[in-house]
Structure formats: C-alpha cells, structure tokens
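Undergrad: Residue strings, one per chain:
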Amino acid sequence: MQNGTGSLLIFLILTDLLLLGSSRLRNAIRIGAAQGVALGLLPWLAHGQLTGSALLLGAGSAALKGVVFPALLHRALREIHVRREIEPLIGYIPSLLIGTGVLAAAFAFGARLPLPWESPSPLLVPAGLFTLWTGVFLIMARRKAITQVLGYIVLENGIFALGMVVVEAMPLLVELGVLLDVFVAVFVMGILVFHINREFDHIDSDQLTALKEGAP
Amino acid sequence: MTWALIFLPLLAAGMAMGIRSDRLRRALLVATAAIHFALTAVCWIRPPACAPDAWLGFDAAGRLFLGIASLLFWAVAVYAAHRLGAESRGRQAEEDTGSIFVNAPEAVHTACLLVFLATMTLVAASRHLGVLWVAVEATTLATAPLIYFHRQPRSLEATWKYLLVCSVGIALALLGNFLLVVASAAPDGTGGTLVVRELVARGASLRAPWLKAAFVFLLVGYGTKMGLAPMHTWLPDAHSEAPSPVSALLSGALLNCAFLGILRAHSICGAAGLGGFSGSLLAGFGLLSMGIAAAFLVNQADYKRLLAYSSVEHMGLLSLGAGLGGVALYGALLHAVNHSLVKAALFMVAGNLLAAYRTKQAARTRGALRLLPVSGALWLAGLLAITGTPPFGTFASEFTMLRAAFAPGREWMAVAALLALAVAFAGMARTFLGMALGPVPDGFEPAGRRERPAACGPALALLAASLWLGLWIPNGLNDLLGHAARLLGGGAP
Chain A
68 MQNGTGSLLI FLILTDLLLL GSSRLRNAIR IGAAQGVALG LLPWLAHGQL
118 TGSALLLGAG SAALKGVVFP ALLHRALREI HVRREIEPLI GYIPSLLIGT
168 GVLAAAFAFG ARLPLPWESP SPLLVPAGLF TLWTGVFLIM ARRKAITQVL
218 GYIVLENGIF ALGMVVVEAM PLLVELGVLL DVFVAVFVMG ILVFHINREF
268 DHIDSDQLTA LKEGAP
Chain B
2 MTWALIFLPL LAAGMAMGIR SDRLRRALLV ATAAIHFALT AVCWIRPPAC
52 APDAWLGFDA AGRLFLGIAS LLFWAVAVYA AHRLGAESRG RQAEEDTGSI
102 FVNAPEAVHT ACLLVFLATM TLVAASRHLG VLWVAVEATT LATAPLIYFH
152 RQPRSLEATW KYLLVCSVGI ALALLGNFLL VVASAAPDGT GGTLVVRELV
202 ARGASLRAPW LKAAFVFLLV GYGTKMGLAP MHTWLPDAHS EAPSPVSALL
252 SGALLNCAFL GILRAHSICG AAGLGGFSGS LLAGFGLLSM GIAAAFLVNQ
302 ADYKRLLAYS SVEHMGLLSL GAGLGGVALY GALLHAVNHS LVKAALFMVA
352 GNLLAAYRTK QAARTRGALR LLPVSGALWL AGLLAITGTP PFGTFASEFT
402 MLRAAFAPGR EWMAVAALLA LAVAFAGMAR TFLGMALGPV PDGFEPAGRR
452 ERPAACGPAL ALLAASLWLG LWIPNGLNDL LGHAARLLGG GAP
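Taken in order, these protein sequences are the chains called A and B.
Residue numbering for the first sequence is 68 to 283, as defined by my numbering.
Residue numbering for the second sequence is 2 to 494, as defined by my numbering.
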C-alpha cells in the first residue's frame, strides 16, 4: 500500500502544479475534480484496510469534490458567459516558479518535522502543505471569483490530506460535519458568483474595491 | 435540554420557509427567540447534568456565552420584526451611492436568522473542538446571506469578502485541530482526542511543540472570525453593509462565539503549562487590535464603520484580558457581556438613524436629538457606555482588566491599552456629539415624528441592563463568571 499512497501523493503534487500553470477555467475545474477523486482513495490506501468509516469518508469526499463541485462550477461557467481564460494577477510562469520553490520548502519542512509516529507516507506532509499553499495562492493571485472558489476547494483538499495523519483520532461524525460545511460553503459561494456576475456584469473580484478605507 | 435549544430554532427556520404571511413569520421569529431565551434561563437556574466526556453540554463558560447570544437574539428579533415591517417592498435607493436595490426574500432572511441562532447555540454547547469547528464554520455560512439582504453591489462585495476571508481563516483552525490531535496522541499514534475536558486533564503530558503550533493556528483561525487585527479586514465592511439588526448580532453575539473557541484553546495551553506562551500571544494580538482600531476610529466618516472598528477595539481588549490571565480573565468575560449589550444597542439605534436620515455619513446626520429625541438620547447614552464611562458596566469590566494589567513588569501594556482607549474615546465622542447635537438638516421635519416602542425599546432595555451591571452584578451572574473564569484557567476577584 505504501506504493499506492506514494503514487497518489505524487499525483496530488502534479495536479497542484497543473493548476498553477493552467490558463483555461474549464481545464482547471477538471483538474480540481481529478484531485478530489484521488483524495477519496487516500483514507483507504493510507491505512491499508477498508474500514467502514474510511469507505464512507472517502466515497463522500470523492462524490462531493469529484462530481458535485465540478458540476456546480461548470454550470456557473455556462450560465454566466465569462471569458474562459483565468486572467491571473501573477502570470503562469512566475506562478509555477514560485510554486516550485514552495514545493522544495515543503519537502524540507516535511523532512525536518519530527512526527511522533510513522506517517503513512513520507510524502504526505509535503504534499498536503503544498496543496494547501496552492489553494491559498489561487485565492490571492487569480482574478475571477470562480477561481477563488476553486482555490478554496484545493485548500480544503490540502487540509484533508494532512488530516490523514490523524484520521483515527478524528471521529467520523466530525469529519462528515466538516464535509457538510465545505459543501454548503461552496454552494453559497456559487450562488454569490451568480449575483456578482449579475450586479457587475463580470466576476472579477479585484474590481470589488468600493469598500476601501477612505473611499467616498 | 441541550438538543431542545439547538433544534428549536432549526425547526422554526423550517417553518419560516413555509409561512407565506409576513406578519405571522415575524411573530414566529419573536416567539422562537422568547422561548429560546426562556429555555436558556432554565439552563442558567438549573444547569442540566452532562457526562464528563459528552461532546455537547453546557459548562459554565458555555452557559455564559449561550446567555449572551440568546438574550441578544431576543432583543434583536423584536427590533428586526419592526424593521422588516418598516422596510419598503419594492425598489429602494441608497442615497450614499445612488444605487437602486431590492431586498432578499424575507422568508429566507428570517430562516437564516434562526439557523444562525441554532449554530451559535451549538458553539456554546460544544465541548469537543471538532464539533466547535463545525459550528463556527456554520455560523459563517448562516450569516453570509444575512449580510447580502440589501441586494446591491456594496453589500455583495462585503459578503464575498466575509465568506472568503472567514472560510480561509477557519480552515486554518481545522489544521490547528489536527495538530492538537497529534499533540495528544500516544507514541503509536492512537488515543488522540479533541474533547476539551480530557485535553485539559492530560495537561503536561501533551507534546509541547505541537500544542504551541496548534494554538497558533487556532488563534489565527478563530481570531479571523473574532476580528483581531490584522485579520479583521472583513469586519468593517460586513458590519457597515449588513442591515442593522444583523450588524447587532454579528458584533454582539458572533464575535463572542469565536472568542469562546480561542478561550478553550487557551485553557488547554494553561493546563499544559504553556499559559505564558498563549497568554503573551493573546495579549500581543489584543494590543495590536486596539491600536489599529483606535487609529481608524478617528475621523471615520461612516458611523456604522465607526461602530465596527469599535468592535475590533473591544475584541482586542477581550483578547488582552484573556492573555493577562488571573482576575483579568474574569474582567474579560464580564466585558464580553457588557460589550455585547452596548454594541447591539448602538447598532439598533444606528438602524433608526439610518432609516430617518437615509445616509451612513456622519457629516450628513445632524441634530438627531431634535429629529429623533429617543434615539438621539440613546445614541448619547450609548457613547458613554461604549467608551467605558461610569456608571455603565463597561467601566467596571475595563477597570478590572486594567487594574490586573498594572502588575510589575507589564505596566506598559496597561499604559498602551489606556492610550488606545483614550484615542478611541476622543474619536468616537467627536463623531457622536456632532450627530446628536446641532440643527436638523433642511428637508427633515423635526416635529410630529413619533418613534415606535419596537424601534427603541430593545436598545433601551440592553443599555439599561448594562447600566444595571455597572451598579450591581447579581450574585448568580457573578458566580457564573467566577466559575467560567476558573474553568478557563483564570481567577475571580
């Protein structure tokens, strides 16, 4: 199972890099969905056995992040007729360069981190941290509100991966509560994207600047 | 009992979605709030028993914060029912920006208010940090549609900012929870827990470096929600753009919920012998918040933003009190009660002013005492209360905290806090007095304007309660505050 977990985590890192360099919204949403499905396998692979809670958690997470969220985002994209490019505030090449640096830092940090017990894979902490950072970066460095929603989902993926270190101690009920919250959060964000599009005729969140200190 | 408190508002929310008559729905809102408060009162008088390892149940701290949220919600529900009735149905114009907008459907708004009450109850009842996280995130989701009640660009912008900043912040708190599990697990990775009571009982056997990291993440995560600088950026926007009853609830009840999360984490650190570390972080963030808020309070043109920055300042004061520990924690809890009462009252009065003047610009709001005698008087009384002037309760709680701060080696904190309070007093007094005094601007009819009891009554009642707390703290409340302070690792006078 060590191999399977390792391959999965490498897939996670690769999808993060793809997200940083991807210029098409539609592709980015698909990559995010693939990431979500892959993460659904992680509770099973990381712990070597198929317990009921791992199955429920994995299936719920994969269904949500692999099917429901992408469907929601694709629908939003269809309805609001935006330009299909992502329009970054920081270009794709610089994004990838910064990302590579952060990835190296995540590996250095993961190697130094004295986990009290054997983690399911030495890649788990670096991959989780890098995914988390990718999510935050997408929220900050991309212009469209819809990309920010995607960034939030990726951020949540990273935290989900890091949570695998402690999966036995987190009660299933709480994990499901977390999933429910994430679902409602993305749902509400999706509704707001529609409204932003209707009010402003675009979904560029960097134009939402009326509420600055000192604005009239 | 605990379940009844959580499910009653949820049930009412479901009913609110199905009721067609506006009057009936508003009556349901007020009635649910009243029943919830009655149940809370029963909970105070006769605390329900709960197993030590139960996930849900009200300990002293939970009962205190439940009491604040429930009382405030009742007062705001009465006021909100009146405001919803007074708001016009069709298109309205925002005079400050010239935009035309309509309101969100009232049924959804009422349902969200009730769900908000249920989630706040869940926060107060959580004795498991995982459940607490789920509940705090749920408060964010329930309040986001509330802020976007007036469907116009500015409130949409505020809602987006609120949702994104708080969701990302709270995600970091989830990471803090994971780190806490690592800190508490046995060397083979089993036996980690998030039950607050058990974490406190394990105390010094927790892994210190992991606990420290967990506290930092929890502080930043919940601190975002509480409005501690520099993570407070969402707060002035959300508070100024939300309808006034919602602003009152956000400032008075929601910020406290996040504070409770931080206090729980702080108590675990205290039990593990890291109280000095977490306390100095809390004090640092507290002083920073007070300083930044004081700077923005001076010459603030928008009076709802002014109140919002005042909330940042008071949250900083709460954080400082919790960080100082000992009797100051008792003072912080008392201040949480007082601040909630006063700030909610002020936001409700601000709502009355906004309805009459149709502007949030302080410069164009003049002569409130003449135009709206009751609201104008309450506005001035609120100024005295929020700046901690005796005999209001805020004076007693600020005095308790600052006296504890004047201990050898940390006098500078007390001096810095006093300086920030003085700047805030000057800045707020100037704006408030300018709005209350002077002649009424042209085009407004001063005479013959009767103010409704439902518009002023709730604010009057909350201010009177704060005044009462300044003169005499009832024994029951004093005991509860003492219990809660000791439970959270502080002391009582």
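Misleading hints may appear alongside valid ones.
Claimed, not checked - Cβ-to-Cβ under 10 Å is the rule here; a few derived chain A residues that face chain B:
(1) Ile77
(2) Gly133
(3) Val134
(4) Val135
(5) Leu182
(6) Glu185
(7) Trp200
(8) Gly202
(9) Ile258
Unchecked claim - Calculated Cβ distances over 12 Å to all of chain B for the following chain A residues:
(10) Leu144
(11) Ile165
(12) Pro183
(13) Gly225
(14) Gly244
(15) Ala252
(16) His262
(17) Ala277
Unchecked claim - Residues of chain A clear of chain B, computed beta-carbon distances all greater than 12 Å:
(18) Leu75
(19) Asn94
(20) Leu122
(21) Ala130
(22) Ile160
(23) Leu163
(24) Gly195
(25) Gln215
(26) Asp248
If you're looking for bench data, these hints aren't it; they were derived computationally from the structure.
Quick caveat: nothing in here was measured; it's all calculated off a predicted structure.
We put the beta carbon where it would ideally sit given N, CA and C, even for glycine.
Undergrad: Take the hints in turn and mark each one as holding or not.
TA: Outcome of the hint check:
{"no.": "1", "hint": "Ile77", "result": "violated (22 Å)"}
{"no.": "2", "hint": "Gly133", "result": "violated (20 Å)"}
{"no.": "3", "hint": "Val134", "result": "violated (21 Å)"}
{"no.": "4", "hint": "Val135", "result": "violated (16 Å)"}
{"no.": "5", "hint": "Leu182", "result": "holds (7 Å)"}
{"no.": "6", "hint": "Glu185", "result": "holds (8 Å)"}
{"no.": "7", "hint": "Trp200", "result": "violated (12 Å)"}
{"no.": "8", "hint": "Gly202", "result": "holds (8 Å)"}
{"no.": "9", "hint": "Ile258", "result": "holds (8 Å)"}
{"no.": "10", "hint": "Leu144", "result": "holds (18 Å)"}
{"no.": "11", "hint": "Ile165", "result": "holds (18 Å)"}
{"no.": "12", "hint": "Pro183", "result": "violated (6 Å)"}
{"no.": "13", "hint": "Gly225", "result": "violated (9 Å)"}
{"no.": "14", "hint": "Gly244", "result": "violated (4 Å)"}
{"no.": "15", "hint": "Ala252", "result": "violated (5 Å)"}
{"no.": "16", "hint": "His262", "result": "violated (6 Å)"}
{"no.": "17", "hint": "Ala277", "result": "violated (5 Å)"}
{"no.": "18", "hint": "Leu75", "result": "holds (19 Å)"}
{"no.": "19", "hint": "Asn94", "result": "holds (23 Å)"}
{"no.": "20", "hint": "Leu122", "result": "holds (20 Å)"}
{"no.": "21", "hint": "Ala130", "result": "holds (19 Å)"}
{"no.": "22", "hint": "Ile160", "result": "holds (26 Å)"}
{"no.": "23", "hint": "Leu163", "result": "holds (22 Å)"}
{"no.": "24", "hint": "Gly195", "result": "violated (9 Å)"}
{"no.": "25", "hint": "Gln215", "result": "violated (6 Å)"}
{"no.": "26", "hint": "Asp248", "result": "violated (4 Å)"}
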